[in-house]
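Asker: Protein sequence lines, in the order shown, are assigned to chains D and E.
Mapping to my numbering: the first sequence position 154 is 396, numbers consecutive.
Mapping to my numbering: the second sequence position 26 is 268, numbers consecutive.
Please keep in mind that the hints were generated in silico from the structure rather than gathered at the bench.
In this text the structure is predicted, and so the values were computed from the model without any measurement.
C-beta: ideal position from N, C-alpha, C; glycine also.
Misleading hints may appear alongside valid ones.
[Said to hold, decoys possible] Here's a subset of chain D near chain E, in silico, CB distances under 8 Å, partners left out:
| id | residue |
| --- | --- |
| 1 | R244 |
| 2 | L246 |
| 3 | D247 |
| 4 | R249 |
| 5 | L329 |
| 6 | P419 |
| 7 | A424 |
| 8 | R425 |
| 9 | A479 |
| 10 | A516 |
| 11 | A518 |
| 12 | L521 |
| 13 | W536 |
| 14 | P538 |
| 15 | D541 |
| 16 | P560 |
[Unchecked claim] Okay, the calculated bits of chain E under chain D, using three or more residues with CB under 8 Å as the criterion:
| id | region |
| --- | --- |
| 17 | 419-432 |
| 18 | 435-442 |
| 19 | 448-456 |
| 20 | 479-493 |
| 21 | 522-534 |
[What the hints assert, rightly or not] Interface residues of chain D toward chain E, partial, derived using beta-carbon atoms under 7 Å:
| id | residue |
| --- | --- |
| 22 | C250 |
| 23 | T254 |
| 24 | T256 |
| 25 | L339 |
| 26 | G392 |
| 27 | R418 |
| 28 | L432 |
| 29 | Y478 |
| 30 | S525 |
| 31 | V528 |
| 32 | A529 |
| 33 | D534 |
There are 2 protein chains.
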Amino acid sequence: VRLLDQRCLPATETYVEIDTAAAIAAAIESMIVRGAPAIGIAAAYGAALAARSAHALDPGGWRAAYDAELERLRATRPTAVNLGWALDRMARAAAPLGADPFPALIAEAERIRVEDLAANHAMGASGASLIAPGASLLTHCNAGALATAGYGTALGVVRAAWGAGRLVRVYATETRPWLQGARLTAWELLRDGIPVTLITDGAAAHLMRTRRIDWVIVGADRIAANGDTANKIGTYALALAARAQRARMMVVAPRSSIDRTISTGAGIPVEERAAAEVLEFGSRRVAAAGADAWNPVFDVTPAALIDALVTEAGIVSPPTPQGIAALF
Amino acid sequence: VRLLDQRCLPATETYVEIDTAAAIAAAIESMIVRGAPAIGIAAAYGAALAARSAHALDPGGWRAAYDAELERLRATRPTAVNLGWALDRMARAAAPLGADPFPALIAEAERIRVEDLAANHAMGASGASLIAPGASLLTHCNAGALATAGYGTALGVVRAAWGAGRLVRVYATETRPWLQGARLTAWELLRDGIPVTLITDGAAAHLMRTRRIDWVIVGADRIAANGDTANKIGTYALALAARAQRARMMVVAPRSSIDRTISTGAGIPVEERAAAEVLEFGSRRVAAAGADAWNPVFDVTPAALIDALVTEAGIVSPPTPQGIAALF
Numbered sequence: 243v244r245l246l247d248q249r250c251l252p253a254t255e256t257y258v259e260i261d262t263a264a265a266i267a268a269a270i271e272s273m274i275v276r277g278a279p280a281i282g283i284a285a286a287y288g289a290a291l292a293a294r295s296a297h298a299l300d301p302g303g304w305r306a307a308y309d310a311e312l313e314r315l316r317a318t319r320p321t322a323v324n325l326g327w328a329l330d331r332m333a334r335a336a337a338p339l340g341a342d343p344f345p346a347l348i349a350e351a352e353r354i355r356v357e358d359l360a361a362n363h364a365m366g367a368s369g370a371s372l373i374a375p376g377a378s379l380l381t382h383c384n385a386g387a388l389a390t391a392g393y394g395t396a397l398g399v400v401r402a403a404w405g406a407g408r409l410v411r412v413y414a415t416e417t418r419p420w421l422q423g424a425r426l427t428a429w430e431l432l433r434d435g436i437p438v439t440l441i442t443d444g445a446a447a448h449l450m451r452t453r454r455i456d457w458v459i460v461g462a463d464r465i466a467a468n469g470d471t472a473n474k475i476g477t478y479a480l481a482l483a484a485r486a487q488r489a490r491m492m493v494v495a496p497r498s499s500i501d502r503t504i505s506t507g508a509g510i511p512v513e514e515r516a517a518a519e520v521l522e523f524g525s526r527r528v529a530a531a532g533a534d535a536w537n538p539v540f541d542v543t544p545a546a547l548i549d550a551l552v553t554e555a556g557i558v559s560p561p562t563p564q565g566i567a568a569l570f
Numbered sequence: 243v244r245l246l247d248q249r250c251l252p253a254t255e256t257y258v259e260i261d262t263a264a265a266i267a268a269a270i271e272s273m274i275v276r277g278a279p280a281i282g283i284a285a286a287y288g289a290a291l292a293a294r295s296a297h298a299l300d301p302g303g304w305r306a307a308y309d310a311e312l313e314r315l316r317a318t319r320p321t322a323v324n325l326g327w328a329l330d331r332m333a334r335a336a337a338p339l340g341a342d343p344f345p346a347l348i349a350e351a352e353r354i355r356v357e358d359l360a361a362n363h364a365m366g367a368s369g370a371s372l373i374a375p376g377a378s379l380l381t382h383c384n385a386g387a388l389a390t391a392g393y394g395t396a397l398g399v400v401r402a403a404w405g406a407g408r409l410v411r412v413y414a415t416e417t418r419p420w421l422q423g424a425r426l427t428a429w430e431l432l433r434d435g436i437p438v439t440l441i442t443d444g445a446a447a448h449l450m451r452t453r454r455i456d457w458v459i460v461g462a463d464r465i466a467a468n469g470d471t472a473n474k475i476g477t478y479a480l481a482l483a484a485r486a487q488r489a490r491m492m493v494v495a496p497r498s499s500i501d502r503t504i505s506t507g508a509g510i511p512v513e514e515r516a517a518a519e520v521l522e523f524g525s526r527r528v529a530a531a532g533a534d535a536w537n538p539v540f541d542v543t544p545a546a547l548i549d550a551l552v553t554e555a556g557i558v559s560p561p562t563p564q565g566i567a568a569l570f
């Protein structure tokens with residue numbers, strides 16, 4: 243598995259070659275790869291690698307080691323449900339297998355990747371249909387090609403709308419603390435020739451108050467059965483500002499991001515990462531000595547603040563439990 | 243005039259010695275000194291220095307050069323009204339002067355400084371009276387001793403409430419792009435032994451949703467006659483989140499921050515600074531090459547989202563045109 247190390251962008255394009263499940267797990271934890279769909283895909287390949295090595299070590303008893311590696315992969319990050327969804331698929335695919343499980347499992351991982359790419363193109367076209375000509379958009383974090391198998395969820399919609407000549411301007415929040423907006427979203431869009439204007443996270447509400455923003459478009463890490471949506475920290479504040487300023491809020495995510503086992507966002511675990519990510523910048527301390535930090539990296543936006551949920555199986559606008567159930 | 247270079251904090255405490263109005267103007271523009279009241283005070287001393295040099299050059303005709311220097315100082319930053327307020331005072335103080343204007347003008351600058359310090363202590367006690375025991379607070383940017391003659395506006399309230407044993411926890415946003423929260427507010431509060439937990443700007447709404455925040459407490463750069471308040475970019479988003487999550491919003495500012503010549507916030511000029519402040523971090527480029535940025539550094543919070551305006555002449559809760567007029 244060859245991963246573009248997203249921590250190094252945009253300064254350098256560094257690829258990491260990985261051939262064990264443990265290294266995939268470490269890559270997910272350390273954010274070499276990030277973005278809910280991309281995490282799920284990487285974990286699926288990790289599962290296939292786990293089966294290969296477990297079978298090589300013990301052709302008759304590979305299943306126990308395989309199952310343990312799935313649990314190791316599952317524990318890497320708590321919020322994105324695509325991770326568990328992909329590993330559940332890899333567990334189901336392994337169930338009937340006997341002799342050498344690798345060919346069937348690498349094929350399943352490949353299917354997950356290819357289906358994600360197709361879903362993104364479908365969502366791009368579908369979401370773009372909601373966008374009227376002359377629109378200005380705001381996106382947050384990176385829900386792009388880098389976060390998926392390619393093309394992107396929120397950025398897939400941006401790409402499709404741009405391609406259709408409908409966009410006047412695309413704004414992106416820089417997205418502290420990892421600066422995925424400044425580093426990744428800007429890098430992706432500019433490579434496609436789509437101009438982008440960065441703002442600080444705190445400037446989004448002022449942007450919506452003083453310049454017209456038609457849609458705020460984001461991805462999702464986990465969507466509850468009622469449409470409550472966990473996404474990158476700061477999304478909830480964007481949704482509040484959008485509602486106050488009559489911008490509309492679009493969540494773009496494949497069905498693999500929907501967790502039908504939880505009825506509301508209250509059931510979504512929100513990952514908290516190291517305080518150092520806030521206190522330091524590029525491993526240089528910037529905060530005053532002695533200061534502590536709290537670093538939740540996702541938040542939950544209530545369904546009531548979301549105008550449209552765009553999936554590869556259709557649009558639910560506004561999201562409701564019934565509308566979401568009908569997607570399946 | 244001896245200024246603590248706030249750009250160097252918290253890494254080093256570097257003082258800059260200044261003896262010309264032009265150097266004061268440059269210090270305000272380059273943010274060696276920042277914070278609305280502190281800018282006004284620095285400009286007042288700059289005016290006194292201008293009178294001294296103008297009188298030394300031309301004892302009979304110093305007034306023309308003095309007036310020109312006042313206009314140069316007035317043009318340094320557009321949003322904080324304390325700047326114009328202090329310079330208006332220095333113009334009025336100069337009007338009756340003949341021979342050597344410096345003694346009277348340095349005395350006027352000194353009065354502005356001393357009155358600001360007294361106002362901060364009065365506001366601290368007054369604002370703290372609104373805070374019930376066991377409270378948790380969130381503040382934004384730095385409205386502290388560093389932003390004023392001492393003690394602070396918003397941080398004056400924090401100091402007074404902490405001293406009265408009423409606070410459980412103080413949160414501060416890091417406040418991109420200049421990180422005044424991480425660099426300055428944390429530095430100030432920790433020097434006073436007040437523990438502080440930093441969050442990214444985007445995490446504030448999630449904080450208010452998941453942990454109890456009783457008050458969001460901020461300073462102001464300019465308050466319109468109806469209570470609409472310009473303050474550091476991101477304040478409006480905090481006010482929206484506070485209203486959605488039943489936290490209360492307190493603006494702490496001396497009457498010198500109130501601009502009675504404008505009826506609403508629509509009349510407040512919002513400064514936009516260089517894109518590089520967003521695109522770079524410590525003069526290292528972090529954003530993707532080719533990305534542009536929009537960098538408004540203040541926003542306007544509507545009076546309707548403010549629960550209490552605390553001034554040295556009393557509290558207006560909620561702020562109304564009548565209540566604000568009664569302060570004068």
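Asker: Indicate, hint by hint, whether the structure satisfies it.
Answerer: Now for the hints, and whether the structure bears them out:
1. R244: Cβ of D/R244 sits 22 Å from chain E, so the hint is violated.
2. L246: violated (14 Å)
3. D247: violated (15 Å)
4. R249: violated (12 Å)
5. L329: Since chain E brings no Cβ nearer than about 27 Å to D/L329, farther than 8 Å, the hint is violated.
6. P419: holds (5 Å)
7. A424: holds (4 Å)
8. R425: This hint holds: D/R425 lies near chain E, its Cβ roughly 6 Å from the closest one there, short of 8 Å.
9. A479: holds (4 Å)
10. A516: Hint on D/A516: violated, closest Cβ of chain E at ~13 Å, above 8 Å.
11. A518: violated (11 Å)
12. L521: Hint holds; D/L521 Cβ to chain E Cβ min 7 Å, cut 8 Å.
13. W536: holds (5 Å)
14. P538: holds (6 Å)
15. D541: Since chain E brings a Cβ to about 4 Å from D/D541, closer than 8 Å, the hint holds.
16. P560: violated (18 Å)
17. 419-432: Three-residue rule met by the region 419-432 of chain E, so holds; n is 8.
18. 435-442: holds (count 6)
19. 448-456: Coverage by chain D holds for the region 448-456 of chain E (4 residues, Cβ < 8 Å).
20. 479-493: Three-residue rule met by the region 479-493 of chain E, so holds; n is 4.
21. 522-534: holds (count 10)
22. C250: violated (12 Å)
23. T254: violated (12 Å)
24. T256: Interface hint status for D/T256: violated (15 Å vs cutoff 7 Å).
25. L339: Hint violated; D/L339 Cβ to chain E Cβ min 42 Å, cut 7 Å.
26. G392: Constraint on D/G392 not satisfied, violated at 18 Å.
27. R418: Hint on D/R418: holds, closest Cβ of chain E at ~4 Å, below 7 Å.
28. L432: holds (5 Å)
29. Y478: holds (5 Å)
30. S525: violated (12 Å)
31. V528: Nearest chain E Cβ about 6 Å off; hint holds.
32. A529: This interface hint holds because 4 Å falls under the 7 Å limit.
33. D534: D/D534 check passes; min Cβ-Cβ to chain E is 5 Å, inside 7 Å.
In this structure, the hints that do not hold are numbers 1, 2, 3, 4, 5, 10, 11, 16, 22, 23, 24, 25, 26 and 30, in rising order.
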